[in-house]
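Undergrad: Spelled out from the first residue to the last, the chains are:
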Amino acid sequence: MADKIKLFVNGEEVEVEAGKNLIDAVGAVGIEIPHLCYHPALGADGNCRMCLVGIEDGRPPLVPACKTRAQEGMKVLLDAKHIKKIQRDVMELELINHPIDCPVCDQAGECKLQDYYMSYDQAESRMTVAPVKKNKKMDFGGGVVHDQERCIICGRCVRFLRQITKTGELGIINRTDVARVNIFPGRPINNRYGINVVDLCPVGAMTSSDFRFKQRVWFLKKALSVCHGCSKGCNLTIDHNKEKNKDDIIYRFRPRLNEQVNGYFICDEGRLSYKLENEDRLTTPKIGTVERDLTDVLASCKNEIEMSTNVTILLSPNASLEQMVAVKALAGKLNASISGFSDGYIITGDGDDYLIQDDKAANRKGLELLGIDTSQQGFEQAIAEADLLINFGNNLGLSYGADALKTLLTDTKTIACATHDSEYLAGAKLTIAVRSYSEYDGCVVNCDNILQKFNKAVTKNNELPTICEIAAEFGGPLTSPAEIFAELQQAAPALKPYQPATIPAEGLNLNDSEAANVTA
Amino acid sequence: MSDRSQLISTGEPFQFDKKRDAEFERLAKRYPTRESMILPALWLTQEQEGWVSQEAIAYIADRIGTFASKVYEAATFYTMYNLHPMGKYHICVCRTLSCWLRGKQEIVDYLRDEVGITPGNQTEDGRFSLEEVECLGHCGTAPVVQINGEFYENMDVEKLKSLLATLK
Numbered sequence: 001m002a003d004k005i006k007l008f009v010n011g012e013e014v015e016v017e018a019g020k021n022l023i024d025a026v027g028a029v030g031i032e033i034p035h036l037c038y039h040p041a042l043g044a045d046g047n048c049r050m051c052l053v054g055i056e057d058g059r060p061p062l063v064p065a066c067k068t069r070a071q072e073g074m075k076v077l078l079d080a081k082h083i084k085k086i087q088r089d090v091m092e093l094e095l096i097n098h099p100i101d102c103p104v105c106d107q108a109g110e111c112k113l114q115d116y117y118m119s120y121d122q123a124e125s126r127m128t129v130a131p132v133k134k135n136k137k138m139d140f141g142g143g144v145v146h147d148q149e150r151c152i153i154c155g156r157c158v159r160f161l162r163q164i165t166k167t168g169e170l171g172i173i174n175r176t177d178v179a180r181v182n183i184f185p186g187r188p189i190n191n192r193y194g195i196n197v198v199d200l201c202p203v204g205a206m207t208s209s210d211f212r213f214k215q216r217v218w219f220l221k222k223a224l225s226v227c228h229g230c231s232k233g234c235n236l237t238i239d240h241n242k243e244k245n246k247d248d249i250i251y252r253f254r255p256r257l258n259e260q261v262n263g264y265f266i267c268d269e270g271r272l273s274y275k276l277e278n279e280d281r282l283t284t285p286k287i288g289t290v291e292r293d294l295t296d297v298l299a300s301c302k303n304e305i306e307m308s309t310n311v312t313i314l315l316s317p318n319a320s321l322e323q324m325v326a327v328k329a330l331a332g333k334l335n336a337s338i339s340g341f342s343d344g345y346i347i348t349g350d351g352d353d354y355l356i357q358d359d360k361a362a363n364r365k366g367l368e369l370l371g372i373d374t375s376q377q378g379f380e381q382a383i384a385e386a387d388l389l390i391n392f393g394n395n396l397g398l399s400y401g402a403d404a405l406k407t408l409l410t411d412t413k414t415i416a417c418a419t420h421d422s423e424y425l426a427g428a429k430l431t432i433a434v435r436s437y438s439e440y441d442g443c444v445v446n447c448d449n450i451l452q453k454f455n456k457a458v459t460k461n462n463e464l465p466t467i468c469e470i471a472a473e474f475g476g477p478l479t480s481p482a483e484i485f486a487e488l489q490q491a492a493p494a495l496k497p498y499q500p501a502t503i504p505a506e507g508l509n510l511n512d513s514e515a516a517n518v519t520a
Numbered sequence: 001m002s003d004r005s006q007l008i009s010t011g012e013p014f015q016f017d018k019k020r021d022a023e024f025e026r027l028a029k030r031y032p033t034r035e036s037m038i039l040p041a042l043w044l045t046q047e048q049e050g051w052v053s054q055e056a057i058a059y060i061a062d063r064i065g066t067f068a069s070k071v072y073e074a075a076t077f078y079t080m081y082n083l084h085p086m087g088k089y090h091i092c093v094c095r096t097l098s099c100w101l102r103g104k105q106e107i108v109d110y111l112r113d114e115v116g117i118t119p120g121n122q123t124e125d126g127r128f129s130l131e132e133v134e135c136l137g138h139c140g141t142a143p144v145v146q147i148n149g150e151f152y153e154n155m156d157v158e159k160l161k162s163l164l165a166t167l168k
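So the protein sequences, as listed, match chains A and B. If you're matching positions, the first sequence starts at 1 in the working numbering and goes up one per residue. If you're matching positions, the second sequence starts at 1 in the working numbering and goes up one per residue.
Fair warning: there could be bad hints in the mix.
[What the hints assert, rightly or not] With a straight-line Cα cutoff of 30 Å, these simulated DSSO-like cross-link-like pairs (lysine-lysine) come out:
#, chain 1, residue 1, chain 2, residue 2
1, A, Lys166, B, Lys70
2, A, Lys275, A, Lys242
3, A, Lys133, B, Lys70
4, A, Lys429, A, Lys222
5, B, Lys70, A, Lys112
6, B, Lys70, A, Lys137
7, B, Lys70, A, Lys136
I should point out that these hints are in silico values taken from the structure, not numbers from a laboratory. From a predicted model like this one, the values you see are computed outputs, not experimental measurements.
Okay, chain A solo, but in the shape it has when bound:
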């Protein structure tokens, strides 16, 4: 724990963390200091002047809170008349050239300018001159569309691209009231984290070409999740909505703060991977290529399992720990060999030194944690002896070419549980459509051995079974979530003090516990 200090806000004593600036320090105990340009990941810039506060110790009457470190005994003034006036004055300046087109603006509902107007301004405009005209729709590349008139020149986007991605595509061009954010002609936003500027923008100046005009944000339901796009496991907020007479659909992923995993940001691929949750989903179970009822397919599956003499079970490295535990128990019951072979999920050289990882699977560490073999040799040996392969969501098409796969599975029938239709399913005798990660709760372990929990976001009209339920149907001994979690606690002792609902939001670092020995 960081050191605590005591200071006074409006005469009341509060205890805050030492070493932070005033905005963050008193923000953590629920006292808001309004700010537009300051962002904890980008540092203090001090250009918006919205965070001016008074400090009663003989320094100048107003100081920017973003650049002022919280100190013991500091007397911070927030509700004095002159502070209220300066906040109103800054808001008035910000709004001089702002178009106030909230009814058609994507940011409406999550806009700092709107919020601060309601909290700190509420004054009518005194402007009688026309606002400065600028460009309304500029394609900055990388999925970012910019409205220069809405921009308040806080410079967050510019600082993000200079400090974090170090690509510097944006700059603030001109000065005075014609200042605007722009790209240099012919050098658009071209990096894998560009759409983060849309989240960073406190107003509606930066919009995502993907989300633009799709939904009003106040209709969106939020669920806390973890990205399954790669092994980093960046924390997400899933924004989804079920419109009347339609299905529950995800409209966007937004990054969620987790200091020990992804900080404030996510990559663009991960952000746009929500589309995979909506599109090309497998929705009906099949026997061969014929669509059938789930009960029929399950009956055929059980029949196949009974008739087989040697079963191999293949797990997806994207499955949750709960699913892995349930399937592993099933394998024990069926006396089947179990593998998590998934080399095809690794794209060597695709990762970078920031968030993106080579390994595009969310829970490979989970396979290791449960001691499930992931070697190619192990899998091929098992397959050579098996007459039935039960594949729980592992896209073998990534690891093998079509011909190689056909050869490999010549003497083996396949029961495949899958979320998406794909070519490797063509050879499957029985196919069961299962839920994807936005549709169930679970835990995954990321590349840094941090166990994270994610929540169910979407409930489809046609709700599919989960892999846990299928494993139980096939005769797996673990039938309830409680049993599965108890078994999981055996494998990951770090989980012992917790229940599924009480796993800390920032995740559990398994390296810190004796669980590290299990993976070694």
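Let chain A serve as the given structure and place chain B on it in line with the hints.
TA: Only chain B this time, still in chain A's reference frame:
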């Protein structure tokens, strides 16, 4: 201040000539960071071409090893960088208080009526261009006119007339 964000592209690659190249390298040693070279490099460009094109900004950014957006920012922030072609002789007339009180308007009117240029424009033959600028720092000898960087103090219409006659 007007919008200066529209850069003009020449369609041809830009680079420093030999003299400016040597000067660039000489100046680069003077500063602790290469980014400090943004303003001098823009000056060198303007000295060479008379104005700063889109290609020149890209060249400077790549030469310095910084973001083009940063050079773009600097070039549009400072109004003394010309972002479009100027006349052979670029006339800057100071319009700040001292010069205004001492008769800058007569000079501007003379240029409009007799030479045929208004602020922000150039003559048809491209010989002269005119700009009204803020304080040039020679208030004691107002009004002051600057032509291609040279100062001419205590100006009046007569003096300007004979001065322009020497500029071919």
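Undergrad: Now look at each hint and say whether the structure bears it out.
TA: Now the hints, each set against the structure:
The straight-line distance between the Cα atoms of lysine 166 of chain A and lysine 70 of chain B is roughly 12 Å, inside the 30 Å bound, and the hint therefore holds. The straight-line distance between the Cα atoms of lysine 275 of chain A and lysine 242 of chain A is roughly 15 Å, inside the 30 Å bound, and the hint therefore holds. For the given pair, lysine 133 of chain A sits about 23 Å from lysine 70 of chain B by alpha-carbon distance, which is consistent with the 30 Å threshold. Note on lysine 429 of chain A and lysine 222 of chain A: the hinted pairing is violated, with a Cα-Cα distance of about 38 Å set against a maximum of 30 Å.
The suggested pairing of lysine 70 of chain B with lysine 112 of chain A holds, with an alpha-carbon distance near 27 Å, which does not exceed 30 Å. Proximity of lysine 70 of chain B to lysine 137 of chain A is assessed by CA-CA distance (about 22 Å); at most 30 Å being required, the pair is judged to hold. As the CA atoms of lysine 70 of chain B and lysine 136 of chain A are separated by approximately 23 Å, the hinted pair is consistent with the 30 Å bound.
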